[in-house]
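Taken in sequence, the protein lines are chains A and B.
Using the working numbering, count along the first sequence one by one with no gaps and you end on 157.
Using the working numbering, count along the second sequence one by one with no gaps and you end on 384.
One thing to keep in mind: the hints can contain errors.
[What the hints assert, rightly or not] Calculated cross-link-like contacts (lysine to any residue; reagent style SDA-like; alpha-carbon spacing at most 25 Å): (1) B:K304 <-> B:K341; (2) B:K121 <-> A:N20; (3) B:K304 <-> B:E282; (4) A:K150 <-> B:N117; (5) B:K243 <-> B:P270; (6) B:K121 <-> A:A24; (7) A:K17 <-> B:K341; (8) B:K22 <-> B:N117; (9) B:K330 <-> B:K349; (10) A:K14 <-> B:S147; (11) A:K32 <-> B:R168; (12) A:K102 <-> B:N305; (13) B:K330 <-> A:V103; (14) B:K87 <-> A:V103; (15) B:K167 <-> A:C18; (16) B:K144 <-> A:C18.
[Stated by the list, open to error] Some chain B residues well away from chain A (every beta-carbon gap over 10 Å; in silico): (17) L120; (18) L123; (19) N173; (20) R322; (21) G331; (22) K360; (23) K379; (24) E381.
Just so you know, these hints were derived from the structure itself, not from any lab.
We put the beta carbon where it would ideally sit given N, CA and C, even for glycine.
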Amino acid sequence: MSNTENLIKELVEKHGKCRNSLMAVLQGVVAKEKYLSEDAMKKVAEHMDVSAADVYGTASFYTFLDTVPRGRNVIRVCQTISCDMAGKDEIIEALEATLKIKVGETTHDGNFSLLVANCMGWCHMGPVMLINDDVYTELTPQKAMEALEKYVVSTNN
Amino acid sequence: MSTKKVDIIFDAGCAVYDVLDKGLAMPKDDVINEIINSGLKGRGGAGFPTGLKWKFAAAEQADKKYIICNADEGEPGTFKDREILTKVPQKVFVGMALCSHATGAEEGYIYLRGEYNYMLKELQEKIDIFNNQLQQRGVNFTIKIKSGSGAYVCGEETALMESMEGKRGEPRNKPPFPTVAGYNAKPTIINNVETFVYTTMIVRMGANDFKSLGTADSSGSKVFSVSGDTPNAGIFELELGMKLNDFVDEWGDGDTKAVQVGGASGHCVPRKNFGETVIGFEGIPTGGSMMIFNSSRSMYNVLKNYLEFFVEESCGQCTPCRVGCQQLLKGIELIKKGDRKPSYLDDLKKLAESMKISAKCGLGQSVANPFISIIDNFKEEIIY
Ligand SMILES: Cc1cc2nc3c(=O)[nH]c(=O)nc-3n(C[C@H](O)[C@H](O)[C@H](O)COP(=O)(O)O)c2cc1C
Ligand code: SF4
Ligand code: FES
Chain A
1 MSNTENLIKE LVEKHGKCRN SLMAVLQGVV AKEKYLSEDA MKKVAEHMDV
51 SAADVYGTAS FYTFLDTVPR GRNVIRVCQT ISCDMAGKDE IIEALEATLK
101 IKVGETTHDG NFSLLVANCM GWCHMGPVML INDDVYTELT PQKAMEALEK
151 YVVSTNN
Chain B
1 MSTKKVDIIF DAGCAVYDVL DKGLAMPKDD VINEIINSGL KGRGGAGFPT
51 GLKWKFAAAE QADKKYIICN ADEGEPGTFK DREILTKVPQ KVFVGMALCS
101 HATGAEEGYI YLRGEYNYML KELQEKIDIF NNQLQQRGVN FTIKIKSGSG
151 AYVCGEETAL MESMEGKRGE PRNKPPFPTV AGYNAKPTII NNVETFVYTT
201 MIVRMGANDF KSLGTADSSG SKVFSVSGDT PNAGIFELEL GMKLNDFVDE
251 WGDGDTKAVQ VGGASGHCVP RKNFGETVIG FEGIPTGGSM MIFNSSRSMY
301 NVLKNYLEFF VEESCGQCTP CRVGCQQLLK GIELIKKGDR KPSYLDDLKK
351 LAESMKISAK CGLGQSVANP FISIIDNFKE EIIY
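So that you can see chain A by itself, here it is in the shape it has in the complex (with noise of 0.2 Å):
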C-alpha cells in the first residue's frame, strides 16, 4: 500500500467512515501532502465509500484544499482591502523577487508555494500572511523574508 493510502486508511479509521468525515479527512491528506492528486482523491472516495466524484466536488470547493501539486510550505499573503491599504503588494513584490516564482507558482526545488488569499482576520495587523498554518502580521519585506527563513532550515535538516 502507498504512503498515501495508509495515511487515508488512518484518517478514515481516526475521524469514521461517515460522509460527514470527509472534510477532516480531504484536511488530514493536505496536511501532509499538501494538495489532493487524483490518486488520493480516489482512495479517500474507496475508503470512504463515496463516489470520486463527490470527493472531488467537496475538495474542489475549497481554497485551502488543493487539488494541483504544491510546494511542501505554502504561503498565502492577504489580498482583502486592509492590508491592500497596509502594503500587501510590496510584500508580495518581495517574496516574487527572493522565491523567484509569481503568485500561483512553486520554488523549483518544491520548498515554497506562492499564494494570495482573502482576509485572514488580523485585518488590524496588516499586511498578514500565511505560511501553512502559522501567522505572520504586521510585514514588512524584511520580516517576510526572516519569515521564511525558518522553512528553508527545517527541510535541510
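Dock chain B with the ligands against chain A, hints included.
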C-alpha cells in the same frame, strides 16, 4: 456625546463555572426568557433575536438536536471572534452549554475557519477540560471542533452545515430554517461566537443590566473590529446605538472620508452622513467590522477589491450572484478605462438591485450594499 467603552465580553473577573452552575440551576424556560428579555440579537451580522431562536429550537420534538458556534469569521475587517476564542473561550463554551440546557441539544460544534488552524491545539485542550467539567456535573453535552477550509460563504449558516456534512459549502433554501432542520436535518441552533458569550453574561448579570446599555432596538454592547486608516486599530467593545460621528472622532485620523460599516458586504458611509448614522439594528447593523478610509484612498480601488472578493467567494450556485458579481467588476473596470459611458453605472446599479432580490443567499443579496453606497457617494472616483 462620545462612544462608551464597555467591559463585558473580555471581563476577566467573571467566574465562568459559577455562571454555568447558576444557569444550570435555572428552569429551561427561565434561561430562554432571560435571553428574550435582554433583547439580545445575533452578533454575526443578521441580527435575529437569540432568545427566540432558542425558544423555537426548544419547542422542536426530535431524537437529536445540535448546537453550532459559528467561528467562520470571514467577513473582511472582522477579527473579534478570533480574539474572543483566544482570550475568553470558556465563556463561549458556557454559552453553548446553557443553550444545551435550554433547548435539549446534546452535541455542540465549533466550526472554526481554516485560517485559524494555528489555534486548534490550544482550543481543543481547553474544550477537553470543559467537556470534563460538564461530565463531572452530569451534564449530557459535549463540544467538538470542525474545521473549515477557506470559504467565506461557509459562514452562511446553511452552507456551514453542508460543509460540516462533508459537502460543498453551498447555501440551502430557507425554509426550512436550521431550528427545524439544520445539521443532519435535525433541529439546530447556530449562533455567532460573540452571541454565545453575551448569553453567558446575560445569565450572569441579568437581562435588565444588559438592557440598560444600548437602545430599544439594539440592546447591550458589541465588539468592534477597527482597521484601516486609524491610529488606534484593534478590538473594542462599545455600547450599541452610537453615532458614527462619535466613533470617527475617536478612531479616525483626522482625515476620514468614509467608513465601511459591516465589512465588504456592509455599507459605505461618506463623511457627510457621519452625523446622522446610527450604528445598530435601527441604523446600520454590523457584525463588527469598521474599516476607515482617509482622503488618500481611492474608493474605486476599495470597490474593486470588494468585488474581486465576491467574485472569488461566490459559491456559483445561482446565476444572479455568479454572473452578477463578475459583471459588476468587469463593468466598473470598463467604465474606468473609458470603454463604457459613465451612464453604464446606472445599468450596473440595476443589476446590483436585482441581485438583492434574486440571489439565493445573503452573499449575493448583500453585494448591492457596498456597490450602491460607494457608487452613489463617490461617483466621480469610480468614473474618472
Ligand atoms: C455570506 C455570509 C457569511 C456569513 N459569515 C458569518 C460568519 O463568519 N460568522 C457568523 O457568525 N455569521 C455569519 N453569517 C451569518 C450566519 O448565516 C448566521 O446568521 C449567524 O451565524 C447566526 O448567528 P447569530 O444570530 O448569533 O448572529 C454569514 C452570512 C452570510 C450570508
Ligand atoms: S447568492 Fe452567491 S453565494 Fe449565495 S447561493 Fe447564490 S451563488 Fe452561492
Ligand atoms: S484584510 Fe488582511 S487580514 Fe483582514
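- Contradicted hints - numbers only: Hint check: 3, 7, 8, 14, 17 fail, others pass.
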